[in-house]
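In the order they appear, the protein sequences are chains Z and X.
Take the first sequence: its position 176, counting from 1, is numbered 176 in the numbering used here, and each next residue is one higher.
Take the second sequence: its position 20, counting from 1, is numbered 20 in the numbering used here, and each next residue is one higher.
Any given hint could be a false lead.
What the hints assert, rightly or not - When the alpha-carbon atoms are kept at most 30 Å apart in a straight line, the in silico DSS-like pairs for lysine-lysine are as follows:
{"id": "1", "chain 1": "Z", "residue 1": "Lys104", "chain 2": "Z", "residue 2": "Lys372"}
{"id": "2", "chain 1": "X", "residue 1": "Lys111", "chain 2": "Z", "residue 2": "Lys96"}
{"id": "3", "chain 1": "X", "residue 1": "Lys80", "chain 2": "X", "residue 2": "Lys111"}
{"id": "4", "chain 1": "Z", "residue 1": "Lys104", "chain 2": "Z", "residue 2": "Lys322"}
{"id": "5", "chain 1": "Z", "residue 1": "Lys322", "chain 2": "X", "residue 2": "Lys111"}
{"id": "6", "chain 1": "Z", "residue 1": "Lys322", "chain 2": "Z", "residue 2": "Lys96"}
{"id": "7", "chain 1": "Z", "residue 1": "Lys372", "chain 2": "Z", "residue 2": "Lys322"}
{"id": "8", "chain 1": "X", "residue 1": "Lys111", "chain 2": "Z", "residue 2": "Lys104"}
{"id": "9", "chain 1": "Z", "residue 1": "Lys96", "chain 2": "Z", "residue 2": "Lys372"}
FYI, nobody ran anything at the bench for these hints, they're computed from the structure.
Now for the letters of each chain:
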Amino acid sequence: MFWGVLMVAYIGTASIPLGVVFSLSGSYRTVGQEMANGALLALSEVNESPAFDFQFRPIIYDAGGDAAAYRTRCEEILRDRTVRHIVGCYTSSSRKEVIPVIEKFDALLWYPSHYEGFESSRNVIYTGAAPNQHIVPLLRYTLRHYGTHVYCLGSNYIWAWENNRILREIVREVGGKVLAEKYHPVGSTDIGHFIREIRALRPDFIFNTLIGESAYAFYRAYTAAGADDPAIGPARIPVASCSLSEPELISIGPEAAAGHIASSVYFQTIDRAENHRFVARYRERFGETKVTSADAEASYIAVIMLAQAIRASGSSDIEAVKAALGHCMLEAPQGPVWIDPENNHSYLTPALGCSRADGQFDILWTAGAPVKPDPYLVWLDAETVADQRPRQRANLKVVR
Amino acid sequence: MNDRATSNIPTRIPNFRGLRVLILHPHDHNCNAIVEQLGRLGASANICWPAERVLADAADIVFFDVDRGFEGMFGWPTGKAPVPLIAILGSEAPGRIEWMLAQAPSAYLAKPIGSTGVFSALAIATHNFASHSAREAAHQRLEERLQMRGVLLRATIELMRRHNIDEETALSMLRAESMRRRATLETVGRWVLEGGWLRANTGPPLTACRKTERRAGSG
Numbered sequence: 001m002f003w004g005v006l007m008v009a010y011i012g013t014a015s016i017p018l019g020v021v022f023s024l025s026g027s028y029r030t031v032g033q034e035m036a037n038g039a040l041l042a043l044s045e046v047n048e049s050p051a052f053d054f055q056f057r058p059i060i061y062d063a064g065g066d067a068a069a070y071r072t073r074c075e076e077i078l079r080d081r082t083v084r085h086i087v088g089c090y091t092s093s094s095r096k097e098v099i100p101v102i103e104k105f106d107a108l109l110w111y112p113s114h115y116e117g118f119e120s121s122r123n124v125i126y127t128g129a130a131p132n133q134h135i136v137p138l139l140r141y142t143l144r145h146y147g148t149h150v151y152c153l154g155s156n157y158i159w160a161w162e163n164n165r166i167l168r169e170i171v172r173e174v175g176g177k178v179l180a181e182k183y184h185p186v187g188s189t190d191i192g193h194f195i196r197e198i199r200a201l202r203p204d205f206i207f208n209t210l211i212g213e214s215a216y217a218f219y220r221a222y223t224a225a226g227a228d229d230p231a232i233g234p235a236r237i238p239v240a241s242c243s244l245s246e247p248e249l250i251s252i253g254p255e256a257a258a259g260h261i262a263s264s265v266y267f268q269t270i271d272r273a274e275n276h277r278f279v280a281r282y283r284e285r286f287g288e289t290k291v292t293s294a295d296a297e298a299s300y301i302a303v304i305m306l307a308q309a310i311r312a313s314g315s316s317d318i319e320a321v322k323a324a325l326g327h328c329m330l331e332a333p334q335g336p337v338w339i340d341p342e343n344n345h346s347y348l349t350p351a352l353g354c355s356r357a358d359g360q361f362d363i364l365w366t367a368g369a370p371v372k373p374d375p376y377l378v379w380l381d382a383e384t385v386a387d388q389r390p391r392q393r394a395n396l397k398v399v400r
Numbered sequence: 001m002n003d004r005a006t007s008n009i010p011t012r013i014p015n016f017r018g019l020r021v022l023i024l025h026p027h028d029h030n031c032n033a034i035v036e037q038l039g040r041l042g043a044s045a046n047i048c049w050p051a052e053r054v055l056a057d058a059a060d061i062v063f064f065d066v067d068r069g070f071e072g073m074f075g076w077p078t079g080k081a082p083v084p085l086i087a088i089l090g091s092e093a094p095g096r097i098e099w100m101l102a103q104a105p106s107a108y109l110a111k112p113i114g115s116t117g118v119f120s121a122l123a124i125a126t127h128n129f130a131s132h133s134a135r136e137a138a139h140q141r142l143e144e145r146l147q148m149r150g151v152l153l154r155a156t157i158e159l160m161r162r163h164n165i166d167e168e169t170a171l172s173m174l175r176a177e178s179m180r181r182r183a184t185l186e187t188v189g190r191w192v193l194e195g196g197w198l199r200a201n202t203g204p205p206l207t208a209c210r211k212t213e214r215r216a217g218s219g
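Chain Z on its own, in the form it takes in the complex (with noise of 0.2 Å):
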């Protein structure tokens, strides 16, 4: 009998497969499993939803932190060649270490992260934010509010690397000066010392590109210390990051979640019909006290517009699906989202937060409209920020 029904289930729709790579465990997984469930939360919704005349079957593998894994994961999913997309990664060295897999099977990487840039595979699609959409609108509103004085703490990895050099340069264009740049073990919570330099060296802003339990541990450490010390802290020298969400300011705990400043296209707190739809979705899906973050959002809109592809070429393959999506645009929780067909990265719309003790975000400024990808910031002088800037004398010309 129930052989039976799964039987008539499937008779009529396509089944198509669809690899989901995250790390559900590890030291990143507070990020993992939302962008997983953002994923799953899509795969569910558009195999209910009478408008798709297919399913899509999940392949669920946790990579647990591991870039290797990420690699040989991708491998075992793709040998079956039947598999041609894979929603996955997080941290840029796990996507290097999978595109030569997804690239030799010439399959589709569904990539939803923001990531650094400089990147532009015709086998990936990237749904999170590119540097002009995260970086540059960050450095634009610390550098006018704050200050050209920065310290930058970050994961010893290509994501802290590469946004350090972007913002070395930027803030050197406005003449400022980059106090130190610390890099720390991904996974590694001791961060004492780096409070210490902080209160030595009284940076106008920090910024942070740790990652994970690292990154928790320095933002309870950094509050802790400014209660003690009131010339540091949150409030007097504000922690500016592009990575940080809400489950992660749940990790964190509310003793130490408020007054840190994240860089991101989606926000919970985003008030829109289509949000408040996802935010109820999800909850609904993963319980009463989850949160939404911009990796969930990356997640669920990569999926949701692999099916739009899927249903609008009629096929899973991948040169049909990246020819189709070149026509389609999703009312998104963040706004309207489509793929720029020139470099695989997505339109989206860059917003600041400022967070709060109940984990959420406040939105301080937002671009108000989908902004072009620019993964190579080769437009990024081509807007002056100079008379946003009171007190620096350069004309760094930025582009948002």
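Following the hints, put chain X in place on chain Z, whose structure we already have.
Below, chain X alone, put in the same frame as chain Z:
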């Protein structure tokens, strides 16, 4: 933990917007992949094939096919390209590599061309071409100085003989004349050898001269 010495790291993000690229390669998927990447970088591409005695007048950088490259492809002397060259290499046959090396490319790109490589090839080629050009110019200057040292030596001896003076006095005369005329020591030396006469020693005191002479002599 590691701390980077921020002062040692170049902070310029390579930007190729507006770069004019000439591609000497047949129209195919490799060529398309390059054109696509160049478009993403804001550069413009001009494809030329077949290519014969090509000049780089309207190009800032030239990509060329090594597999089908031949003598006479470029309109400049072998190895003397006026702009950076990027070799597109498929075959690894020794003859092809030899021909490619003779063109003195500034960077290499292996076929098949994928979605990576073009950006770094442009960055490497412009860097290598600039540093190679700077080295060539420095080399040329040194070579000229080296040739002129003989002139200077002979001019000094000529002055010593002519005026019956010692070496230091002769050199200080050359030095004074060179300052007066705002010409190099070597130019003054050549003038002396061609029969020109200098005024008697009107230069600065010899002690001061000695330093400058040495500096000039070793430069």
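Comparing the hints with the structure gives:
For the hint pairing Lys104/Z with Lys372/Z, the CA-to-CA distance comes to about 29 Å; that is within 30 Å, so the pair holds. For the proposed pair Lys111/X and Lys96/Z, the alpha carbon gap of about 20 Å is at most 30 Å, so the pair holds. A threshold of 30 Å between alpha carbons decides the hint, and for Lys80/X with Lys111/X the separation of about 25 Å falls inside it, so the pair holds. With a C-alpha separation of about 18 Å, the suggested pair Lys104/Z and Lys322/Z falls inside the 30 Å cut-off, and the hint holds.
At roughly 24 Å between alpha-carbon atoms, Lys322/Z and Lys111/X fall within 30 Å of each other, so this suggested pair holds. Between Lys322/Z and Lys96/Z the alpha-carbon distance is near 21 Å, which keeps this suggested pair within the 30 Å criterion. For the proposed pair Lys372/Z and Lys322/Z, the alpha carbon gap of about 18 Å is at most 30 Å, so the pair holds. Using a Cα cut-off of 30 Å, the hinted pair Lys111/X and Lys104/Z holds, with the two alpha carbons roughly 15 Å apart.
A hinted pair counts as satisfied when its Cα atoms are at most 30 Å apart, and Lys96/Z with Lys372/Z qualifies at roughly 23 Å.
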